[in-house]
Every structure is written in C-alpha cells, then in structure tokens.
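Enquirer: Once you've looked at the hints, dock chain G against the given chain V.
2 protein chains.
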Amino acid sequence: MTHDSRPAWRSYLTHLECTACGLRHDADQLQTVCTACGKVLFARYDLNSVRQAVMPREFASRRWDMWRYWELLPVRDAANVISLGEGLTPLVRVRKEATRKLGFERGQLELKDEGLNPTASFKARGLSAAISRARELGARSIALPSAGNAGSAAAAYAAAGGLEAHLAMPRDVPELNRVEAEVYAADVTLVDGLISDAGRLIREQAPRNGWFDVSTLREPYRQEGKKTMGIELAEQGGWGEACLPDIIVYPTGGGTGIVGMRKAFDELEALTWIGRARPKMIVVQAEGCAPIVRAFQQGARMAEPWQNAQTIAAGLRVPAAIGDYLILDAVRATGGTAVAVSDEAIREAQLEMGRLAGVYAAPEAAASWAAVGALRRSGFLDGDERVVLFCTGMGLKYPPPIP
Amino acid sequence: MTHDSRPAWRSYLTHLECTACGLRHDADQLQTVCTACGKVLFARYDLNSVRQAVMPREFASRRWDMWRYWELLPVRDAANVISLGEGLTPLVRVRKEATRKLGFERGQLELKDEGLNPTASFKARGLSAAISRARELGARSIALPSAGNAGSAAAAYAAAGGLEAHLAMPRDVPELNRVEAEVYAADVTLVDGLISDAGRLIREQAPRNGWFDVSTLREPYRQEGKKTMGIELAEQGGWGEACLPDIIVYPTGGGTGIVGMRKAFDELEALTWIGRARPKMIVVQAEGCAPIVRAFQQGARMAEPWQNAQTIAAGLRVPAAIGDYLILDAVRATGGTAVAVSDEAIREAQLEMGRLAGVYAAPEAAASWAAVGALRRSGFLDGDERVVLFCTGMGLKYPPPIP
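Taken in order, these protein sequences are the chains called V and G.
Its first residue numbered 20, the first sequence is counted upward by one per residue in the working numbering.
Its first residue numbered 20, the second sequence is counted upward by one per residue in the working numbering.
Bear in mind the hints are in silico, worked out from the structure with no lab data behind them.
Please read all numbers here as calculations on a predicted model, not as lab measurements.
Heads up, a few of these hints could be off.
[Claimed, not checked] Derived Cβ-Cβ restraints for the label pairs, each shown as a range:
#1 V:A319 to G:K120: 27 to 35 Å
#2 V:L209 to G:E288: 48 to 56 Å
#3 V:G157 to G:R76: 50 to 58 Å
#4 V:D191 to G:Q329: 34 to 42 Å
[To be verified] Reference excerpt, derived from the structure (chain G facing chain V, CB under 7 Å, subset only):
#5 P109
#6 R114
#7 A179
#8 G181
#9 A204
#10 G377
#11 P419
Idealized CB from N, CA, C, for every residue including glycine.
Excised from the complex, chain V in its bound form (with noise of 0.2 Å):
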C-alpha cells in the first residue's frame, strides 16, 4: 500500500479546444491539431467542479510526482499513467554572493531545477502526460523529431509503458541523447538538417506506419505536463495571492513551457486558488537562433522561420515554433519581454552557475542566467525582484564548457 492510491483519481477534462479559432473536438479519440484551422488545441477541463472536489492543500499528501495534481490532468484512468517520477522539482535558493553578481542585492534568485527530472531535463514532464494519454487512447507506437532531450524522454516513456518510440534527430545531436534513446531500445533516425527537417521526415512517415504523432504542440497533451511546472511554483509558494514570484525566465525552443504555464496560471485563478497577478514571463533564445525575439521587437503576432540557426543550445536551435502566436501573447499580456543571448555569454554562464549556484546546468538553462544579468544591466529588472530561472536541464549531456 502506498500513499499514492488513497484518495479517488478522477481527471475534469471535458474537451478540447482550440486555440485560434475556438472548434471543439472530443478528448476522447486521439486528437492532433484542430480539424478546421490546423492550430493549437487546448484540453479543458470542467473546473467549477475541480474546485468543489479538491482543496489545494491536499496535494500535499499525495504521491511524490507531477500526477498529484490529476483533476487537472487528462489521464483517466491511474492504471494508464507512465510515471518515472516527473515534476516536483526543487526552487533552488541561490547564495547571496551569485545574487550580487547579476545585481540583485533586494531581490532574490531561485532556480527551479527541472534537471531533477528523469532523462534529466523538463521534457519528462509532457512526454509522461501525452505517452499515458496517448497509450490510453490505443496508441501502442509513438513517433517524434527532437533536437535532444525530448528524444530522450519520449523513448524512456515509451520503454517504461511498453510503447515503441520512433525518433528522428539532427545527425549533431548531443551524444548523449542519441546513446539514451538507443539505451531505451527506441528507432533513431539521424537527419542531415535541423529539427524542422526531422519533423517533416516523422510527418511524412508516421501516419503510414500507424505511429503517433507527439511533436512539440502537434498533440494536446505535452503541454498539460508542463503545465505542472506552473501548478507547482503556486503549490511551493503556499498557494493564495501572493505565491507566484514576479519574473520567471524561461528559454524557449518550442515554446511549450511558457505556453503550458500561462495556462496553468489561468486554470489556478478560475479556480481562486491564486490571484489575478501573474508573472513577467521573460523568453530567452539564442542570438543564432531567435525568432520569437524578432518577432517581439517587431510587435509582430507569428513569427516569421529563423534561417541558418545555430547555435551550442541545442534545445534552442528551434527555426519555427508552431505556438509562436501563443508564446508572443504570454510575453505580451505579462509585460514581459524577449531577449537573444550571445553562445560565448552562455558558455560563461554555464561557468558561473557552477561555481556561484552549485548547479551544472544545459545551455539552454545558462542562457537565462545571461540573460538576467543583462536585463538588470539595461534597467529592465530593478535588482528587488523575486525572479525564478527555468533550469531546464542538466548540463552533462552537452559539450562541457571547460577543455
């Protein structure tokens, strides 16, 4: 008996939605994106009824991973949760003289260390939602293109649910990644290009192979898990008004995270279990590859592919983001803004973060600890913020920043 099973598991999702045009589709069958407009579909769920059956107090005795959290998750039945120990993760308070360093002397520093997940990095979260939902559906193949750790996750998903993971990669993918998807026994295929010439190989293929399509947003069901990570800055912060911090940073690729936490925050407000304040989301890319960035300086609503990308951030070296209109009106409607960081000022970071925060942290994740720094220098963050960094994986599967 474990403490897991003692309350009644029960998800609210009434149906999808989606984003552009407002079509309903049933959440029932499985679902790639809307049938009329070709957009972004949101699962929604029936929250009046969420707020009479939970309180969110409750949480905290329930089982040590992002599922706790299950009236607001799509999966029902428990049975069909693929769960490796997602979400979670710890606020890492950082030391005051690292604070000092990026201009905070007011202000406080918390890293939340996505790179405590499985598969070490953020993606855990929505491959365990959309993998469990997927399965639940009849799905028994999955297929993806990743520029790394989303590759990772799918194929450690689909092991541990007995799933078959078919994935296709930049050839230049990060070693590691490649040996974990092998190690889970999913089909690598290495792609001459980047992951926008990978998604269109899994496209081209997976419904001829009846595999399941779970690219970035091209399912509705990633973005419920990365959700969580919005559930549980509220649930760390004790929930109520005051619990949000007033700035998170976050890098974005596919855009996922920002995209799934506004929505948590929406979800959480019509719930009254927080208020009407929201963070200042703040998306960070790379000066080699940033076209949400153009896009924000441009006041532009999409954004327009990013030739050439480069750029050492593999997980950021994403030319076009199918949910760049819904990562521009995060931005937007918080106040926030859009910064592009230089690979040299990354490597840097990646240094600092070791030293000053004990954290060894992605690229991805470094970048916007250079990207805070330059903020405050340019007066964007007056330095009496408290602002928490998205540190969304771990740095041991890249390059290291040392010879």
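Expert: What follows is chain G alone, placed relative to chain V:
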C-alpha cells in the same frame, strides 16, 4: 514566502556515540572518528522529544527535499542548510513484462530512483548533510577522495554553500565526474590507483591545509543524509506497521546507504512510526571487487581488503570500507544476503533496465537488477516479495553499454 518557512525548524541532535566502544562525543564540535578507538561515530537524537514534537503525517506539507525531516537531521539552524533539492526521489513501479522477466509474477518491483538527485546520484544526500553541518560548525573548506559521484556531489554542495572543495580521484574516474567537479570549481587531484590511494592522499594533506575531511564514515553526518532514504521509504509506504518493502537491494561500495537506512528504521521504530518488521537487506557488489560478499560468506565480522579491485561499476570499486562491520551486521540482522555479479551481467542489466523499465541506470544500480534475477533463480527470493531496488545513480556519466 515559501512553504518551507512555516513550522519551526529544530534539530533534536544530542550527541555522537561510537558504534564500537560506545564513547560519547560532543556533537557541536567538528568530529571525525572515535577519539578512543578510531571507529565510526553515530549521531544520536532525543527521540522522546521528537515524538512529542511532530507526527509523521505533518512531513507531507513541508519542503520538497530530505530536509523536511529536520528533527532527525543534524543541522541546528535552517540558514545553514545547503540544499540543491536532494531527496524525495520516486519509487518507480516496474511494468509487468519486466517483473515477469525477473521471475516476479506475483511480486512487485520498484526502483527508488536516486539518479533524480542533484548531480544524478544518491551521494547528494550525504554530502548535503555533511557539508551543511561542517559549515555550521565552522569549516570553510572540505576534502574527500572519490571514485566518482561523491566527488561531483561534494563539489556541487561546496559551490552552493561558498566553501572550497579539494578532491582526489583515481585517474580513470568517469570523465564526466571530473568535468562536473571542475565546473563547480573544485580543486581536483588525479591519483594513480584506487579510491583507497586517493584517501591516503587526502588524509595526509587535509590536516596540513586545514581542510575538513568528509570521507565516507570518517565524519558522522554523511550517513545522516543517507538515512533519509529509509525515512522516505516509510513515508512513501504510508507509515505504520506495513509501510516498508520486504526486500531492499542495495549496490554497496562504502556502504553508507545500507548503514544509514538501518539506522533510520531503528529510529523510526523507537518513535513508533513504523513496526518491528524490517526489510531483508541485500548487498550487491561486483565480482571484481567484493570484500563484503566474501566476508559475509566466510561468516567474518570484518572484511579483508580486496586485492586488484577491478569493475566497470566505478562506485563499487572500494577495496576496503571503514564501516564493514556495520554493513555486515545489517545484512545478518535482517536475514539478508550479499551477492556479487559480473561486469558482463551488469552491462546486460543496464540495457534490460532501459528497455523494460525506462531507466538508464549507472552500472552500480544495474548490478542490483542483475542480482535480483540471480537471487530469484537461486531460490533466495520466491517471487512474491515487494522488492525495492536502489538505483543509486544515472547511467549518463559512464561509458555507454552500447557501441
């Protein structure tokens, strides 16, 4: 305001006691081993007062790391805790196909995935405890020998807390352990030889330079961190008479995991939070370095040092353990056993765990998986037990089990 600030922090640590001669030592000074006989010191607590101060169900609403059990940990002031989010690791239930493969049709296999700790191994727990307490008692620099992961963890906690770290590691330590240590700005000396040779170097240099030596069981608090693995099993099992598994399988180098968990169970029983029943403790070593297994089979109370230790499981390449008598006591007192597995079986088990469980485990942990299969075939296990395998670290840092 975060949720860890609510209830009042208090450690009920009273004194240190020699595990061999019983001599009492002052806990509020830096101590190493027994000043009289040189054996291991244990931290002792005022358990009667703990029992009056807290009920086990209260832990659930505290912080998401091992420090939620502060009454039973040695740090007196919460401000001295150096935390990166260690502990609260999941119990991952392995799917039926995998349990059948190992011969457990009726039983249950769970992986306690310690790879989800900071620096990707269980070593984080011990070093968070030891370095926090050392800093509290005035240490400004720490030193230790390491076969790999302890060095990574020590370097990370020292960096997070603003202490200097001095490490000695075998020259052929896994490359990524060295990289991590250097990212955390530790001072690393590579030694020709094994961890025992590295240990000699540290014991020679530490007193000369004023470094505090945090070698395994040569200071009293690393095992207090390890102890939390046992407390967590009780919390994850819902406390009470039947909360613990039937079997604990633990890969054993220096042995603090086994020793710490036994200590946890004794304290929890004294608190009446668990019953008298104990899991059988099974020690797993590698055929190329199995001093505890040999001593167990010979009925010896201590273990002779192993000559020419060699195995791909870097963490098991510990030819002599200062806590040998404590490990052997724990195995015998619980009706457990000790087994050695070959490097070939370890490599196969790594791939099998990946394919069937979705966990890419370090070779040490894969040794445990292999041992469970072997013990089922030998009849020591009869297949209907609830078995918890400790997956002590992630596989990422080691040479991959595939070409």
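Enquirer: The structure should be examined with respect to each hint, and the outcome stated for every one.
Expert: Structure-based check of each hint:
The beta-carbon spacing between A319 of chain V and K120 of chain G, approximately 54 Å, falls outside the hinted interval of 27 to 35 Å. As the Cβ distance of L209 of chain V to E288 of chain G is approximately 55 Å, the hint placing it in 48 to 56 Å holds. At roughly 39 Å, the beta-carbon separation of G157 of chain V and R76 of chain G lies outside the given 50 to 58 Å, and the hint is violated. At roughly 35 Å, the beta-carbon separation of D191 of chain V and Q329 of chain G lies within the given 34 to 42 Å, and the hint holds.
Against a cut-off of 7 Å between C-beta atoms, the interface hint on P109 of chain G holds, since the closest Cβ of chain V lies about 3 Å away. The criterion of a C-beta within 7 Å of any C-beta in chain V is met by R114 of chain G, whose closest approach is roughly 6 Å, and the hint holds. At about 3 Å, the closest approach between the beta carbon of A179 of chain G and any beta carbon in chain V falls short of 7 Å, and the interface hint on this residue holds. Against a cut-off of 7 Å between C-beta atoms, the interface hint on G181 of chain G holds, since the closest Cβ of chain V lies about 6 Å away.
For A204 of chain G, the suggested interface contact is upheld, since its CB lies about 4 Å from the closest CB of chain V, less than 7 Å. Hint status for G377 of chain G relative to chain V: holds, with the closest Cβ pair at about 3 Å, below 7 Å. Given hint, P419 of chain G at the interface with chain V, holds; its Cβ is 4 Å from that chain's nearest Cβ, closer than 7 Å.
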